[in-house]
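Enquirer: Using this note's numbering, you'd call the opening residue of the sequence shown number 1 and step up by one each time.
Just so you know, these hints were derived from the structure itself, not from any lab.
Heads up, a few of these hints could be off.
To be verified - Result set (DSS-like, lysine-lysine): computed pairs, CA atoms no more than 25 Å apart in a straight line:
| id | residue 1 | residue 2 |
| --- | --- | --- |
| 1 | K33 | K3 |
| 2 | K17 | K52 |
| 3 | K3 | K31 |
| 4 | K17 | K31 |
| 5 | K17 | K33 |
Claimed, not checked - Label pairs and their in silico Cβ distance ranges:
| id | residue 1 | residue 2 | range |
| --- | --- | --- | --- |
| 6 | Q5 | A38 | 15 to 21 Å |
| 7 | M1 | R30 | 17 to 23 Å |
| 8 | H20 | A54 | 27 to 33 Å |
| 9 | M1 | I27 | 18 to 24 Å |
The model shown is predicted, which means the values in this text are computed figures rather than measured ones.
From the three backbone atoms N, C-alpha and C, an ideal C-beta is built for every residue, glycine too.
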Amino acid sequence: MNKSQIRFSRTLAATWKVLHDPVLTNIYVRKWKRQRDAMVTIYGYVFREMYKAA
């Protein structure tokens, strides 16, 4: 695997961990509702945030 694939895999795993934890999901849902881009799903929002951090 190259660096990009590793980053994607790590981001995907982190996203699923966040969305399966009720406390973290609640935190990210609040942030998601405050954003202006209404076309992004909660999954897409969390994935984008995790990808920026990776």
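Enquirer: Please go over all the hints and tell whether each is borne out by the structure.
Expert: Against the structure, the hints:
| no. | hint | in the structure |
| --- | --- | --- |
| 1 | K33 <-> K3 | violated, 32 Å |
| 2 | K17 <-> K52 | holds, 16 Å |
| 3 | K3 <-> K31 | violated, 29 Å |
| 4 | K17 <-> K31 | holds, 17 Å |
| 5 | K17 <-> K33 | holds, 20 Å |
| 6 | Q5 <-> A38: 15 to 21 Å | violated, 31 Å |
| 7 | M1 <-> R30: 17 to 23 Å | violated, 34 Å |
| 8 | H20 <-> A54: 27 to 33 Å | violated, 18 Å |
| 9 | M1 <-> I27: 18 to 24 Å | violated, 30 Å |
In summary, the numbered hints that this structure violates are 1, 3, 6, 7, 8, 9.
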